[in-house]
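> Listed below, chain by chain, are the residues.
Protein chains: 2
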Amino acid sequence: MRILLQFPEGLKKEALKHAERYGREGHEVFLSGSACYGACDLALDEAKAIKADKIVHFGHAPFLRSKLPLEVEYVEYHIDANLEAVKRAVKEIKESKIALGTTVQHIHQLGGMRRIFESLGKRVFTGKGALAYHEGQVLGCDSAAVTQFEEAEAIVIVGDGMFHAMGIMSGKPVYVIHPQSGAVRNIAKEIEKYGKRRKGAIAKALECGRFAILLSTKPGQFHPELAKKMKRGLEGAGKTAEIIVANEFSPNTLANFTEFECYVNTACPRIADDSEAFGKPILNPDMVAEMLQMLRGLRPK
Amino acid sequence: MRILLQFPEGLKKEALKHAERYGREGHEVFLSGSACYGACDLALDEAKAIKADKIVHFGHAPFLRSKLPLEVEYVEYHIDANLEAVKRAVKEIKESKIALGTTVQHIHQLGGMRRIFESLGKRVFTGKGALAYHEGQVLGCDSAAVTQFEEAEAIVIVGDGMFHAMGIMSGKPVYVIHPQSGAVRNIAKEIEKYGKRRKGAIAKALECGRFAILLSTKPGQFHPELAKKMKRGLEGAGKTAEIIVANEFSPNTLANFTEFECYVNTACPRIADDSEAFGKPILNPDMVAEMLQMLRGLRPK
Chain A
1 MRILLQFPEG
11 LKKEALKHAE
21 RYGREGHEVF
31 LSGSACYGAC
41 DLALDEAKAI
51 KADKIVHFGH
61 APFLRSKLPL
71 EVEYVEYHID
81 ANLEAVKRAV
91 KEIKESKIAL
101 GTTVQHIHQL
111 GGMRRIFESL
121 GKRVFTGKGA
131 LAYHEGQVLG
141 CDSAAVTQFE
151 EAEAIVIVGD
161 GMFHAMGIMS
171 GKPVYVIHPQ
181 SGAVRNIAKE
191 IEKYGKRRKG
201 AIAKALECGR
211 FAILLSTKPG
221 QFHPELAKKM
231 KRGLEGAGKT
241 AEIIVANEFS
251 PNTLANFTEF
261 ECYVNTACPR
271 IADDSEAFGK
281 PILNPDMVAE
291 MLQMLRGLRP
301 K
Chain B
1 MRILLQFPEG
11 LKKEALKHAE
21 RYGREGHEVF
31 LSGSACYGAC
41 DLALDEAKAI
51 KADKIVHFGH
61 APFLRSKLPL
71 EVEYVEYHID
81 ANLEAVKRAV
91 KEIKESKIAL
101 GTTVQHIHQL
111 GGMRRIFESL
121 GKRVFTGKGA
131 LAYHEGQVLG
141 CDSAAVTQFE
151 EAEAIVIVGD
161 GMFHAMGIMS
171 GKPVYVIHPQ
181 SGAVRNIAKE
191 IEKYGKRRKG
201 AIAKALECGR
211 FAILLSTKPG
221 QFHPELAKKM
231 KRGLEGAGKT
241 AEIIVANEFS
251 PNTLANFTEF
261 ECYVNTACPR
271 IADDSEAFGK
281 PILNPDMVAE
291 MLQMLRGLRP
301 K
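Protein chains in written order, with the working numbering: chain A, 1 to 301; chain B, 1 to 301.
Hints in this document: simulated from the structure, not taken from any laboratory. Everything hinted at is true.
If several chains are the same, the list does not tell them apart, and a pair holds so long as it fits within one copy or across any two.
Think about it this way: if two alpha-carbon atoms lie no more than 30 Å apart in a straight line, the pair counts; the simulated DSBU-like pairs of lysine-lysine are:
1. K87 x K122
2. K228 x K48
3. K51 x K67
4. K67 x K48
Bound-form chain A, shown alone (with noise of 0.2 Å):
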């Protein structure tokens, strides 16, 4: 069989070995070289480039739930967390109703993690994403599995990085408990200063004139109706709009296309993260959706 392995960023490292390993097994086997950002990012093109008969697709949990054009295999990377260090940290957060979220690498561990506030005389909450495939898996664009609980004092999340957690858009705290150090820091001050940028990128975006719309063709990220529809939404409002398409948007190819004033983004929406690298204001659709209602507000009746 012909294989393509893909792998994200951090495991690329151990590559070789599973190469080596679908090798002995008889199979003819790629690997993909692209950057790998997600479960939304499956290397599609390439394996049809190869003619590959499948993908096997490292470290991230099913995503995708059209249909598609070969064979899919995720295959999950787990880490350990350190339970005994997360215990000393929960010890450390006074809220007593916690909704509790983990990325794919310890979301085996995630019944263990919530044992831990029960010993603790904490009421856990845990939750099933709208894109996540696993209870309680917070991803970069869906963090519903712990902020859909009202009742819920704060937000937890294991895990290593700032980039899961500040995705979280909830006036609760939202503490970060890193899995091996058992560090934990509350980033609500973060997240909300993350928020306050969005206003100044729609304040900015008011005053433009030439949008483009970023379409990215990774699998996941694909959303043609919606460019078309920001495009005439833009246009409607009498702005220029025009759509890009391309796999991933690089600053520094997109500063080349230098008359458009703004981005639109309905790629992965932590793209717009990146607004300093881009150089330019990247509104979100909801953002878009946003700055059109000022606009219309602004507009003499």
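Fit chain B to the known structure of chain A by using the hints.
Okay, now just chain B, sitting in the frame of chain A:
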């Protein structure tokens, strides 16, 4: 008609007016947002994703000989060189038998350039490359237009930048004339230095055990049989070799494949120019053949 417009980096700044023009003509227009490095680099995957009827590819001449899955229109972008300035430059060149070439931007003036040389009593050779579309056209991967003439005493390229001229392997003086200023420079020494780096890369590669073979999905750079041949050759010499497939090879992403010690490049031969950015030796297929021959020589018979 649904049209995907593709521009090389230097022309992306004019994308909007072309998009608007096609839009006014009643077409549904998308812009390709990826980097575009040449006629070999056709945005077929993007076109397929949006189900385009046609790609309009600006700035390059036709290149691909294989049957394409949709209509492709190449729109060259000509920039007038200042022939008066070129004439002043030619007066500084001593040699009298000249192989003359230029880039696609100035190819419409090849006849005018030829007449300048002839008016100064020189004999001019212009040929057709192996991959290039026009007589006298030099590509990054094909300088046969100017290297095929043994009788020529010097090679002259009219073009801005060094990219095209640096690819010319020949013991002769290589003069580059800037098309606007008429500044003229013999870059034979730079080219020689560039050739020495090749030897250095082979020497480093001899010591490497784990090779990654780069296979690009860009339509004009996709050589899977060559990649497999490289793999067999390296494995036959006791090396480990895996094939990495991607549209574009980013030094950052490849660096995450920490286990590989050396790259073999079956894509654009000029990727090897950037070996410093990649941080590892990069060998083109001819260099691999040379290395394998050296290895056979090194081994006890």
